[in-house]
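> This is what each chain is made of:
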Amino acid sequence: MSDQTTDGRALIDQRIQQLLDEAPPATTDDQEFWGRQFDLGLAWIQFPEGKGGLGLSPRHQKYIDKELTDAGANFRNKQLNLIGIGMGGGTLVAHGTDGQQDRWLRPMWTMEEFWCQLFSEPGAGSDLAGLSTSAVQDGDEWIVNGQKVWTTIAHISRWGMLVTRTDPDVPKHAGLTYFVVDMESDGVDVRPLYQITGEAEFNEVYFDDVHIPDENRIGEVGQGWSVSMATLMNERVAIGGGTPPRGSGAISHAVTAFKEHAAGDDVARDELARLWIEAEALRLTALRASENAKQGTPGPEGSTAKLNWADLNKEISSFTMELLGSEGMLLPGGYDFSRPELTANRTPSPHRLFLRARANSIEGGTSEIMRNILGERVLGLPGEPRVDKNVPWKQVPR
Amino acid sequence: MSDQTTDGRALIDQRIQQLLDEAPPATTDDQEFWGRQFDLGLAWIQFPEGKGGLGLSPRHQKYIDKELTDAGANFRNKQLNLIGIGMGGGTLVAHGTDGQQDRWLRPMWTMEEFWCQLFSEPGAGSDLAGLSTSAVQDGDEWIVNGQKVWTTIAHISRWGMLVTRTDPDVPKHAGLTYFVVDMESDGVDVRPLYQITGEAEFNEVYFDDVHIPDENRIGEVGQGWSVSMATLMNERVAIGGGTPPRGSGAISHAVTAFKEHAAGDDVARDELARLWIEAEALRLTALRASENAKQGTPGPEGSTAKLNWADLNKEISSFTMELLGSEGMLLPGGYDFSRPELTANRTPSPHRLFLRARANSIEGGTSEIMRNILGERVLGLPGEPRVDKNVPWKQVPR
Amino acid sequence: MKPLIFTEEQDLLRQTARKFLDARSAPERVRELMDTGTGFAQDDWNEVAAMGWQAMAIPEEYGGAGYGWVEQSVLFEEHGRALFCAPYLSTVVLGASAVELAGSEEQRAELLGGVASGQRRLAVTAPADGVVGGAPVEVRGGALYGTARFVLDGHTADTLVVHAGTGGDESLYLVDGDADGLTREPMDVMDLTRKQATITLDGTQPSGRLEGAPARDVLEAVVTRAAVLLACESAGLSQRVLEMGVEYARTRKQFGRAIGSFQAIKHGLADVLVGTESAKSAAYHAARVLQEGDGEELAIAAPMAKARATQVAYEAAAYNIQVHGGIGFTWEHDAHLYFKRAKGAQLLFGVPSAWRARLADAVGF
Amino acid sequence: MKPLIFTEEQDLLRQTARKFLDARSAPERVRELMDTGTGFAQDDWNEVAAMGWQAMAIPEEYGGAGYGWVEQSVLFEEHGRALFCAPYLSTVVLGASAVELAGSEEQRAELLGGVASGQRRLAVTAPADGVVGGAPVEVRGGALYGTARFVLDGHTADTLVVHAGTGGDESLYLVDGDADGLTREPMDVMDLTRKQATITLDGTQPSGRLEGAPARDVLEAVVTRAAVLLACESAGLSQRVLEMGVEYARTRKQFGRAIGSFQAIKHGLADVLVGTESAKSAAYHAARVLQEGDGEELAIAAPMAKARATQVAYEAAAYNIQVHGGIGFTWEHDAHLYFKRAKGAQLLFGVPSAWRARLADAVGF
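Protein chains in written order, with the numbering used here: chain A, 17 to 414; chain B, 17 to 414; chain C, 408 to 772; chain D, 408 to 772.
Think of the hints as simulated: they come from the structure by calculation, not from any bench.
Backbone N, C-alpha and C fix where the C-beta goes; we use that ideal spot for every residue, glycine too.
Wrong hints could be hidden among the right ones.
Examples of chain A residues lying across from chain C (beta carbon under 10 Å, computed) [stated by the list, open to error]: (1) H76; (2) G139; (3) D143; (4) D281; (5) M337; (6) P348; (7) E400.
Work out the full structure: start from the sequences and follow the hints.
Okay, here's the thing in structure tokens:
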């Protein structure tokens with residue numbers, strides 16, 4: 017293992033050198049650089065050779081990125097095409113055909129083609145497997161009808177990862193099939209979905225007799241659930257990452273608001289200290305989780321982070337408005353009904369963050385679902401009686 | 017209706033006069049006075065004549081009690097034999113035979129015989145109808161085996177209201193039968209149940225082949241659930257009563273503790289104010305509920321009181337310990353493993369109240385059950401899928 | 408103490424108000440008014456005047472109908488329920504109270520009469536954080552100079568009551584809405600159903616002065632009254648979001664079951680019910696105490712109502728978004744309108760902890 | 408920063424400790440010790456000394472094994488889990504720290520050596536509310552007069568460290584447990600697993616004096632260390648009551664289902680899990696900072712750990728009673744033992760809000 021790592025490292029170093037020689041970041045267009053990086057197998061190091069990787073451990077990626085960043089490269093593609101690069105790529109490698117991988121991976125990586133994820137529906141949120149969007153086979157095509165929602169960057173995406181119901185007569189998990197849909201197809205209608213912040217981070221996507229060639233199917237018919245799970249597993253990896261510094265995030269707004277508007281108020285100070293402590297303890301929990309994971313002994317601490325963060329972020333951002341007092345009644349800049357810029361590091365005002373935080377306990381698994389997961393999977397408590405198991409999907413009340 | 021009230025009042029006034037003439041409180045033994053009161057129909061005014069009442073509206077009772085109290089009478093019997101007088105009497109009148117009423121009501125009222133309630137079991141708390149104590153018919157007797165728990169004053173009671181399972185082969189509510197058991201019978205074993213306070217307010221009662229004559233059965237065989245419900249309905253009436261004055265109860269200990277130990281601490285003061293407000297709002301809710309009830313327009317407010325009180329009482333009593341600081345680590349007087357005195361108005365220390373309050377969200381319906389009731393009966397939300405309905409009791413997992 | 412229940416007449420008033428607001432303050436209408444600069448519709452204002460809402464708050468001798476604060480509390484509960492968009496709090500509670508408490512007979516007759524008939528809308532430069540202190544506006548040579556922020560409906564009021572001056576000079580000045588040197592700028596408020604403005608005075612001549620009582624005492628009383636009525640509004644809002652949540656939880660299905668059949672949601676809504684009933688009790692009590700004019704008890708009842716009812720409403724409205732899940736986070740759903748109104752009411756005239764401190768002062772701990 | 412995970416050696420220490428405590432601090436044993444006057448068993452004390460627990464906290468030059476606070480944090484977690492009844496906090500944290508920080512070489516050799524070997528138990532008159540101030544005991548003519556309350560294990564200690572005197576005279580005096588004029592009275596504590604005493608000195612001659620550092624500085628450091636180890640104990644307690652609740656919720660059936668299948672209980676326990684992990688993170692961090700001797704960071708880490716972990720433990724232990732329902736309210740069930748220990752830890756050396764104030768001072772807001 018240790019030898020393998022060393023072996024890998026030598027090859028990687030050689031490829032890095034080659035890449036920097038052939039496409040010096042300072043004088044190379046981003047897209048060209050990323051393309052060359054893909055060809056040399058340094059895009060997703062764990063992917064097979066020829067598919068953007070070298071078949072080595074994904075642990076090398078951090079090293080590669082650092083070396084290349086130090087040499088002047090940037091990885092905006094990973095931030096901006098996160099859904100594709102973080103979630104789609106792995107899904108294609110695990111479940112796609114050779115041809116599918118060859119067609120899609122490179123332009124995904126180079127950001128020539130954006131990708132979006134078409135899973136959630138108005139009627140299928142927490143209960144994703146209960147989704148209704150139908151795909152009916154017609155020769156070597158599928159005809160899709162339905163509606164997806166909460167789709168980031170759908171409006172600029174060329175491809176969408178789409179889960180559909182292809183068999184309503186079997187229990188819900190068994191009747192799903194996974195496709196890649198061309199977002200430029202006839203019948204695809206992408207509409208901005210404005211949030212309570214007045215911005216549209218998300219879209220609704222309507223499918224009206226959209227034709228998808230069967231060759232764009234990922235995995236077998238009826239295997240859509242397990243392919244979807246592969247995508248969502250990659251989501252965790254994509255969203256994870258470094259632990260932010262102490263005092264950053266929502267609590268920094270609270271501290272600033274306290275100092276500017278409530279200094280000397282012992283009641284507010286105590287509440288701020290309570291929240292500061294919870295935020296810092298959560299940060300330490302995340303650190304501890306990554307240390308344990310690195311050591312190969314992951315504990316339950318990692319699983320608690322999402323729930324803890326969602327509830328805490330809401331609380332801190334709301335308390336910040338109280339600290340701001342009357343100023344908290346404002347929304348500086350007003351509601352502008354814009355699409356937020358496609359940048360990864362926006363710094364919203366505490367007011368906007370307060371509104372945005374309301375979704376934290378809904379998106380990426382509601383806090384209710386997270387508590388179910390912690391209770392059942394981590395603590396081993398029994399599930400509830402189910403009325404939607406072993407029942408054909410079409411007979412489940414909705 | 018109004019005429020009836022007036023009519024009733026004249027008769028009542030006449031009976032009151034007669035009672036005070038025949039048994040002047042100042043010179044009459046309590047038990048003798050209560051006996052005469054029963055005979056004159058002033059014990060439970062709504063009960064039939066000859067059974068301690070005059071068949072009039074229960075609203076008159078408050079008036080009667082006030083008149084008699086003003087004349088020097090006391091009603092320790094109602095406080096000390098609360099289970100019997102508050103819950104048992106009504107059950108006997110609604111479901112008992114004439115002979116049963118004649119045998120039991122008068123000595124219950126005069127406190128010659130104490131009564132206890134034998135419903136809860138170790139395995140049947142929130143799910144009372146799932147109880148296991150069995151009664152098997154044997155000629156004109158029933159043989160009872162099992163265990164009851166949380167039984168106040170069982171150790172001094174002559175009679176117990178007992179719900180048993182007489183048919184395990186039908187769904188749980190249908191197989192119950194209700195008895196009055198002589199607590200002096202062979203095979204009845206009453207043991208004190210010490211609580212976390214170190215006191216034993218309650219008992220465990222074991223039944224080992226206890227014989228109960230069939231004539232002590234209340235209601236039909238298999239009707240035990242509805243008879244039990246009648247008893248529990250009377251519980252509410254018995255426990256209700258006047259609204260305490262502002263600032264009384266748990267919050268008074270908190271205010272005292274604050275003044276003595278935390279004056280000047282703004283953080284503690286804010287928390288105290290928050291709890292004071294919630295306590296006062298709850299008091300106002302109780303007032304509002306009783307005003308609405310009097311007007312014949314009961315709203316949802318009354319149903320919220322138990323849950324609100326339980327959670328708040330726990331919170332206030334715990335916060336009081338924080339206010340006491342190091343003194344909160346003590347239990348003045350220590351654990352004495354006593355049975356609390358049979359008095360209705362004990363004034364426990366805040367420390368003991370803190371410990372005692374833990375049971376508030378368990379006794380008389382856990383807070384979880386109360387939330388179910390509020391959600392389903394008040395808000396009209398649907399119930400959960402049930403696994404114990406329409407299933408023979410003996411097949412229900414336990 | 409006055410019972411916490413309502414008379415038949417008050418129940419009828421509530422029914423009438425609800426019927427009107429169901430029609431005229433339906434969500435789509437609220438959204439229209441949110442988008443206007445003024446934040447209200449003159450038609451609605453005239454119509455509620457015709458129904459006598461404003462007049463009910465004004466004594467008969469000044470052209471009102473001489474009802475009291477309990478009737479207003481009923482209306483405010485309904486306003487909160489319906490997110491009513493109108494300069495009602497500013498005119499009927501803030502403005503009318505200032506004039507009633509410190510105006511001369513003539514001023515009362517003119518201004519309160521105008522309020523009662525619906526002809527006049529008022530605004531007051533009351534302190535947004537509820538802490539009455541120095542005036543935001545100076546007086547030089549009889550003219551007013553300065554800026555006041557967070558003036559409720561200050562951009563549309565016919566007459567502004569402006570706290571100005573220092574020392575012996577400090578007073579409440581009347582300023583016409585169209586006076587020279589007066590600039591009125593709507594603020595970027597988070598809650599679009601309640602408009603606030605920055606008003607700037609640059610050598611503006613006041614049209615009068617309320618001299619009947621010290622300015623700060625008047626503002627203190629005005630803020631206290633506003634707190635009580637905001638509490639009533641918040642109680643109505645809580646009730647409404649509870650109903651929205653229950654309705655959705657009964658119909659929305661996931662995993663083959665109504666989500667309200669899951670204890671997570673059922674118990675959460677039960678807690679909202681408990682809070683809402685508690686909030687109502689505090690708000691109803693405060694309205695009755697205000698009605699009775701018992702100042703000592705009001706010093707307890709108003710803080711209690713403001714702190715409790717606005718907090719409950721905020722939590723109820725926040726939980727309503729959670730119950731609705733994703734859809735509750737969208738602009739098109741109404742959940743956020745309630746959420747923002749509730750948050751605004753929680754902050755307006757002082758956060759709950761500030762009112763709890765007042766309560767502790769009054770109770771004496 | 409030191410990683411928040413444990414070495415294999417530390418994991419082994421935990422396993423050994425748990426095995427010992429499972430056998431020797433099982434609930435029935437805890438109940439026996441609760442009922443004794445001393446509150447601990449000499450046999451156990453000797454045995455843990457033989458395992459080197461105390462010695463691990465003591466530097467090698469004084470006869471210890473020279474491990475550090477992270478090892479002690481592991482032991483305290485296990486103590487909390489098992490409700491370990493012994494004068495361990497008083498001796499190993501309070502007493503040994505006072506001697507280490509202010510003792511002469513000779514005093515260290517004697518007293519720390521005694522602690523390491525298990526021959527000597529210490530107690531300190533540290534302020535029960537954590538606020539270091541004037542001494543509770545006077546010094547007159549070289550003798551000690553006065554009363555100190557809430558002295559952890561003060562009734563059984565071989566040597567007491569007594570804060571006495573005023574002004575330049577203020578110091579930490581050593582008093583033998585059997586000194587003349589010393590009266591030691593156990594207090595009526597709510598948590599019977601942690602004994603406290605009132606000690607009264609009436610002309611008692613001290614046997615020595617810790618002069619190496621100002622008394623108040625020493626007590627401040629002692630209280631801070633105690634806070635960290637109490638946090639670790641509380642984290643272990645939280646974990647244990649979580650396991651108890653989960654175990655019961657998996658097996659206890661009502662309505663034909665395990666009660667843990669109901670979301671009310673499932674979600675409540677999930678929240679306890681979240682809190683427990685948070686508490687552990689804070690406690691582990693503080694132990695490592697203590698180990699590293701980073702005073703500046705300790706001023707943040709110790710308050711954070713004490714405020715968070717003891718609060719979480721209290722809530723977890725309280726919820727454990729609720730999960731158990733009626734049986735959890737009985738004396739015979741162990742739930743209350745944890746509940747009372749947790750409440751005591753929350754109050755000992757200062758309530759959470761007091762530690763939050765320290766944190767705010769240290770962070771600088």
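> Each hint should be assessed against the structure and marked as holding or not.
Structure-based check of each hint:
1. H76: At about 38 Å, which exceeds the 10 Å cut-off, the nearest Cβ of chain C leaves the hint on A/H76 violated.
2. G139: holds, 8 Å
3. D143: At 4 Å from the nearest chain C Cβ, A/D143 passes the 10 Å test, so the hint holds.
4. D281: holds, 8 Å
5. M337: holds, 7 Å
6. P348: holds, 6 Å
7. E400: holds, 8 Å
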